[in-house]
Amino acid sequence: MSEHHEQLERRYERLLALFPAAHRREYEDEMMGVLLAGAAPQQRYPGLGETANLIRCAVWLRVGGRGAGSADRYWASAAAVFGLVVCLMMLTYRLGIMGAEVLGGWRIDGRLLIVPGQWWLAMAGWTVAVAFAFTRFRLVAAAGAWVAALSEVAVEIIGYPSWPSHLVEVWWMLVLSVGAAFALTVRGRTRPQGALGVRRTVVMSSAFAVLAVLPAVDASLAVVTRYGDGGFSIGALGGYNAPGWLGGHHVSGVITLVPGLICALVILYCLLRAEAPVRRRLVAMFAPALALNLVVPPVFNGFLVSTQRFNPPVLLVPGQWVFLIVFPLVLFAVGALLVVRGERHAHLIELGRAAEREARLKQAATPS
Amino acid sequence: MGEPAFLILTALAGEPKHGYAVIEDVLDISGGQVRLHTGTLYSVLDRLREGGLIEVDREEIVASRLRRYYRLTGVGQERLAAETVRLRRNADAAAARLSGFALRPGTGAA
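Quick mapping for you: the protein sequence lines, in order, are chains H and Y. For the first sequence, counting from 1, position 170 maps to 169 in numbering that gives the first Met the number 0; every step adds exactly one. For the second sequence, counting from 1, position 37 maps to 36 in numbering that gives the first Met the number 0; every step adds exactly one.
Derived from the structure by calculation, the hints contain no laboratory data. Glycine included, every Cβ here is placed at the ideal spot set by N, Cα and C. A few of these clues could be false.
Pairwise CB distance ranges (calculated) [stated by the list, open to error]: (1) H:Q6 <-> Y:Q76: 18 to 24 Å; (2) H:E8 <-> Y:Q76: 32 to 38 Å; (3) Y:F100 <-> H:T134: 41 to 47 Å; (4) Y:L86 <-> H:P40: 34 to 40 Å; (5) H:Q362 <-> Y:R34: 44 to 50 Å; (6) H:R356 <-> Y:A93: 53 to 59 Å.
Every beta carbon over 10 Å from chain H, so not counted as near; a handful from chain Y, in silico [said to hold, decoys possible]: (7) V33; (8) D56; (9) R70; (10) L97.
Under 8 Å between C-beta atoms, here's a sample of chain Y residues computed to sit facing chain H [what the hints assert, rightly or not]: (11) G38; (12) Y41; (13) V84.
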């Protein structure tokens, strides 16, 4: 090979490095062959048109455009599943609270409570997001999720000056909500049933539907005990007998807890049955919120316990805000990096094994 | 189906071809009008493979580099045939309109 071609090859290598790893793995060798075959004898630099085309195609594939490599398709599949699961989770959460409060209120004094208006927008958004997450209408699903997520955030921000501890407690849910809206925006035309399978998607969605109605069933079957002084207590089957309204929390007993646990296990099983690359990416996506859920109570223990004792309550300091915002972002970035590196490592090992096998076969075939 | 995909399928309809042969054949088919860049070629090839319209026929090593030959699948053949009918219908419609356009007074060729 001439010195000119070596220089040209190095320059093409740099351009091809812009393509996603999966695409490079599949086509880099071939593309280099084609690029060099099309080069003039003394050419040292890639042509302007070829360079622009390579950059444009690489960027297009990087942002998940059509023709993206298989690794990027796994991210798109995981984003579609993550988006759907979180939207279902949030909708289930909101419907569960609404059902328990409306029916619990009706059990106590025979009146149907009106769900606070602040949650209607979020519920509408989650409903639209769930309905369209199964379809290729990416923008409609994403718009629904963004409306719902921003509505959830706005309600918490508005209530923050008077109830800061609540914002910290539900921060992981806000992270999940915004993450789901982002995931549904970038999933492309990928649908969750493609990654989970239609049957498992139906089973998982049905499990969420059961979870959504269980609190309402629990509340409607709860035992209400009335006292002579006008007081009352309400106790779900197998649950606490809560005087008054237990600070606004709905009652939950055996009906919610046992089938609820079974439904949660069914959902987990459906997710675990996704193919391994999608499963790894789902872990990276869920890890920030799960870690926040575990880490916030001990780390913010002093804040959570004491803030409401002051009037007005003590607010978060800048360092705490930085932690709440940066921690999940860093955790996701680290998780994504580990997934990519781990898969690259596994691929290299596989390549090495294949080369060893081939060498052994050649050796065996060579007549001694 | 975009023009590059149509031309690549047409190039592969004859016999299995490797990437550079596809570029040359597309240039020939299009009368020198379409020269596919390598980035475009492999983005479209990947998409066509994913859609099951083409598949790898064989692989060989040439000058220490992998060379793959691609061929049309049955699905690809059907899609190409359907696209050809659609384009012919459009071209016939355009030709019919243009012939009428040329016969109208004041619109004929100068």
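Hint-by-hint comparison with the structure:
no.: 1; hint: H:Q6 <-> Y:Q76: 18 to 24 Å; in the structure: violated (43 Å)
no.: 2; hint: H:E8 <-> Y:Q76: 32 to 38 Å; in the structure: holds (37 Å)
no.: 3; hint: Y:F100 <-> H:T134: 41 to 47 Å; in the structure: holds (43 Å)
no.: 4; hint: Y:L86 <-> H:P40: 34 to 40 Å; in the structure: holds (38 Å)
no.: 5; hint: H:Q362 <-> Y:R34: 44 to 50 Å; in the structure: holds (45 Å)
no.: 6; hint: H:R356 <-> Y:A93: 53 to 59 Å; in the structure: holds (58 Å)
no.: 7; hint: V33; in the structure: holds (13 Å)
no.: 8; hint: D56; in the structure: holds (13 Å)
no.: 9; hint: R70; in the structure: holds (15 Å)
no.: 10; hint: L97; in the structure: holds (33 Å)
no.: 11; hint: G38; in the structure: holds (3 Å)
no.: 12; hint: Y41; in the structure: holds (5 Å)
no.: 13; hint: V84; in the structure: violated (24 Å)
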